[in-house]
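Protein chains in written order, with the working numbering: chain A, 189 to 350; chain L, -14 to 181.
Because the hints were derived from the structure by calculation, they are not lab data.
A hint or two may mislead.
So the derived list for chain A, only partly shown, Cβ under 10 angstroms to chain L, looks like this [to be verified]:
#1 Ala208
#2 Pro210
#3 Ala257
#4 Ala293
#5 Val295
#6 Arg302
#7 Thr307
#8 Ala308
#9 Thr310
#10 Tyr311
#11 Ala332
All residues carry an ideal CB built from backbone N, CA and C; glycine is no exception.
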Amino acid sequence: MTPELHPTQRAAALGTRGRARPTREAWVSAVLLLFVLGVLMWASLAPIELASRDELFEIPHGTWARRMAGEKLEILPDTIRLTLGINDVLLLRNADDVPQAFGPALVMPGQSFRLPFATASTYSFACSAHASGQLNVIVEPSPARGWETLRWRLRNLASRTG
Amino acid sequence: MTRAAALLLGLLLASVAATTSAGASAAPALKAGVFEPPRTAPELSLRGSDGAELTLARYRGKVVLMSFGFTNCAAVCPITLATLAEARRNLGNAADAVQVIFVTVDPERDDAARMKAYLAAFDASFVGATGTPEALAAVRGNYGVTARKHITTDGYVMDHSSSIYLIDRTGKLRALMPYGRSAGDFVHDVKLLLAQ
C-alpha cells in the first residue's frame, strides 16, 4: 500500500523525476569554478610579500663592445615599474667591463647600485645602458586590498609569463 | 575548456604563492642608493673656500657629504644646502664628524671667496671647492656628474646633476642620495655610516 503524500511532497517527487540529473562534467566544472573564485578571493586579499624587494637588472658583459661595433642593443626596458612596499628597490648590476652611468651614479664593472624608492612618482634617469640614453622608473603606491591587489598579481603574472 | 581553466588556475596559484612568501627581506639599511662593493672615492685636488688645498684625505675619519652646484643656482642648490644644514643641526654632537663639500660646476664665477660667503649663509662648517675648468671636469667625470652651460636672456645658468654623494670615514664612496630627500634621510644614513 502506497503511503499518502502531502501535495507539496508529491510535487517535489514529480519534479525530481522530471529533471535531468547533472552530468559528472557539470559537477567538475562547478567545483572548479568555486575553486577559481576561492583563489581569486585569496589573491585579492592575501598580502603581497615577495622574497626580495629588489628588482634586478643586469648589464651583461660585452654590452659596450657590441654597441661600439654598431649593434643596436636593448638591454634594459625603457620603463621599469616598481611598487612601494613590494618591489621598491631598483638593483642595477654592471657585469660589463666598462663603467655605466645610471643618472648621476657611475656604476663600475662588477659593481651594483641599489636604489630604494620611498615616494610614488615617475623618475627619469640618464642611462648609458640604454640606446635612447634614458630610463624611466614608475613607482606606484602600494595596492589596496581587493581589486588593486588582484590586478597587481595578474599584471605580475603576465609580465613573468609573457 | 576544463583543461584551460585548470591551467589558468595553476598559473594563478603559482603567482599567489610567489607573491605571498613568508621570507620577505628587510628594507635596505641606507635610504640612499648604495654602491656594492664600494670603491675608494676618487680623490680631489681642488682649491678650498677656506684657502687651503681641498682633498678628501683631509677628512678621513669623517663622513663626507659632497654635492655639485653653483652659487648662482636659484632652485636646486639652495634647497640641497639648506637640507644638509638642517641634517647637521639635527645630528647634534655627531655633526662634528660630518663634512659637507660643495664642488662648483661654475668656476667662471665661483671663486673661493664667493663660495665661502655663500656657504656661510647655510652652515659655517661647509667647505666649497673650486679649480680650473679642466680639474673640475675631471672630478665630474670620476663621479659621473654632468654639467652644461645653458644661456639665458640675462646671462647663463648651469644644468647639473643634483644628487649628494656619501663617503664614509675610510674614504669609500658608499652611496648616493637623490635630490629631494629629507634631512631626516641624511640623519638616518649618516648615523649608520658613523656607527660602522
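Hint by hint, here is what the structure shows:
1. Ala208: With a closest approach of 20 angstroms, the Ala208 of chain A hint is violated.
2. Pro210: Violated - the Cβ of Pro210 of chain A stays beyond 10 angstroms from chain L, reaching only about 15 angstroms at its closest.
3. Ala257: Cβ of Ala257 of chain A sits 24 angstroms from chain L, so the hint is violated.
4. Ala293: Since chain L brings a Cβ to about 5 angstroms from Ala293 of chain A, closer than 10 angstroms, the hint holds.
5. Val295: At about 7 angstroms, which falls below the 10 angstroms cut-off, the nearest Cβ of chain L leaves the hint on Val295 of chain A intact, so it holds.
6. Arg302: holds (5 angstroms)
7. Thr307: With Cβ-Cβ at 8 angstroms, under 10 angstroms, it holds.
8. Ala308: For Ala308 of chain A, the interface hint is violated, since the closest Cβ of chain L sits about 13 angstroms away, which is over 10 angstroms.
9. Thr310: Violated. Min distance 13 angstroms.
10. Tyr311: It holds, given that the least Cβ distance between Tyr311 of chain A and chain L is near 8 angstroms, below 10 angstroms.
11. Ala332: It is violated, given that the least Cβ distance between Ala332 of chain A and chain L is near 15 angstroms, above 10 angstroms.
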